[in-house]
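From first to last, the protein sequence lines are chains L and Y. So for the first sequence, this note's numbering puts the first residue at 1; every next one is plus one. So for the second sequence, this note's numbering puts the first residue at 112; every next one is plus one.
Each hint should be verified, as a subset may be incorrect.
So, partial list: chain Y residues that the calculated Cβ filter (under 10 Å) puts toward chain L [to be verified]:
1) Arg214
2) Arg305
3) Pro308
4) Ser328
5) Glu335
Since the hints were made in silico from the structure, they are not lab data. Cβ atoms here follow ideal geometry from the backbone N, Cα and C, with glycine treated the same way.
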Amino acid sequence: MSGYGATTVVRLGPVVDVLTTDQGTVALVEREVGHQVVRVSDLGSVVLGLLEAGPATVAQVAARLVELYGAPPDSDPVEATAKALVDMSRTGLISAEKPGPPAPPIRSTCR
Amino acid sequence: MSPASFVVRALGRRVRVTVDASLLEEARRVWHLCLEDDAAAGSPVDAEVHHDPPVPTVEGGASAQTLRTASLQELTQSITRAAIGAAAGQLLMLHAGALCDPRTGATLVYAAPGGTGKTTVTSTFGPGRGYLTDETVGLTRDLTVLAYPKPLSVRRGDTAFLKHETAPGDLGLSSPAVRPWLAGIVALRRDGSRGGPVELEEVGLLDALVLLAPETSSLARLDEPLRLLADAVEAAGGLRVVHFADAPDLEPVVTEVLGRTR
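Same shape as in the complex, but just chain Y:
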């Protein structure tokens, strides 16, 4: 089939995505919160992604559905790389999930290394709140929060190594109607073996920079990167490291930060 394009907005950047037409409908569906209006599709974009079509199934190989699942997962990774590349040197980008209060826009940013709970926290607390991202949040120099409400990459039992790109709407997530603002930043540290309630560890500003730096993208390309990171931490009322076992344990933290007012 011939290639087809759509445009997504990610971290405030417009990314044109070209996929095989056979993948178009599903790709648009799972990217629904990032989709730009088709009427503006011809306008200039900040980055392009050309995604190869799924490889046809061979005898004894992966099923067509598995290939499509893998292809959509690769597409997400490509779009993320393109958006981050387009925003490098312009935005402070934290590997973090982010949710906001749907009425006030108070936003909790929860930074964590890949595979340690961002998506689970997002899908646990996202319904009824404003979904901003489960992957990367962008902050401008004036600390405007830029969303990346991508599909959530969810592992299911049927494919041990693949993640399914899941439309946010399928999980009850939606974009906020209000403008998000930075109300709190936490660093997640999941330890499934620990018991008891969530433990909050306040850290000083400089230790916060040491802790958060590994969870940033292209930090060194910013002008005065450490000042911007410090400004973000201070605006958020400091950094807290949150030790927890399971996502629901975080409920008090989510409620407290999203309840903050400016």
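So here's chain L without its partners, still in its complex pose:
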């Protein structure tokens, strides 16, 4: 069990900056003390872009990922998405919260 359900609302974490190169993507995340640069997967980049517009439920995120990539062959899309979102929350990229105002836009750089 991931701990997130279909109706869990996720939102953008304190992501200060994102850098994308041909090697992948990293994000600068503020912590309670200091900051951390973390790797972001391709799927994670899509999720960050989606949540930039505002919080979404796990089901909404899953639906968008299915639109983009198709349903996973051997697992439930919502469960798979929830698992990925939990992983992202561990690095501070997202958090699960009650709905609130949209997050400010992320500064983003492509090289």
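Start from chain L and add chain Y according to the hints.
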């Protein structure tokens, strides 16, 4: 005694330091490479440090010399905080030592967590080279290197927990007469139990950002911080993680990077 002031330049910022007059001479002496001309002392500064005088010795307490040593150590920490605070949002600041070639200005930046060898590396390879810092190096957006040639905090046998603020000149260190430029960045990883020669590990750009971010100050306050950090890494020819046991092991790395040309 009454307070007295002097001005130091740290990371390109002017910091006015006010200390008890009893500490002035020693403080100025150990900060000699950062001292600004007294004639300009009245000019505007970027930050102020007001340092409390050493607490008088009480019966059975620490000796007056120990208190002075501790006070000078605290003063260094206060000046570092003030300079970093004044440069936050303007400079990329790496917790790193930095030395340069005294003729070409080619600069090696060696980033490492506190207490893992920056000062030892600096005092080992600094004599005869340009001393820039053993604590924090600043980089502008155009990657100009800004020095912070502070006193070196050196642990001695007589005080187990205190570090002695040591004038760079006492260790044979001096500021370069040429303008430093970023020639190489390494991340130091000291492991006293390892044997053999130094081991160099090349890391890709994004992993370099992950590795270096913990060794930065106020990174999130910069405009496009990740791009600036990436620009620095690329300008330096990439990041290498250097695994070593003792500071002298690093000689090939220091020689190679300081021998680079633009």
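Here is what the structure says about each hint:
1. Arg214: Not OK, violated: Y:Arg214 not within 10 Å of chain L, min 34 Å.
2. Arg305: Violated - the Cβ of Y:Arg305 stays beyond 10 Å from chain L, reaching only about 27 Å at its closest.
3. Pro308: Since chain L brings no Cβ nearer than about 29 Å to Y:Pro308, farther than 10 Å, the hint is violated.
4. Ser328: holds (9 Å)
5. Glu335: holds (6 Å)
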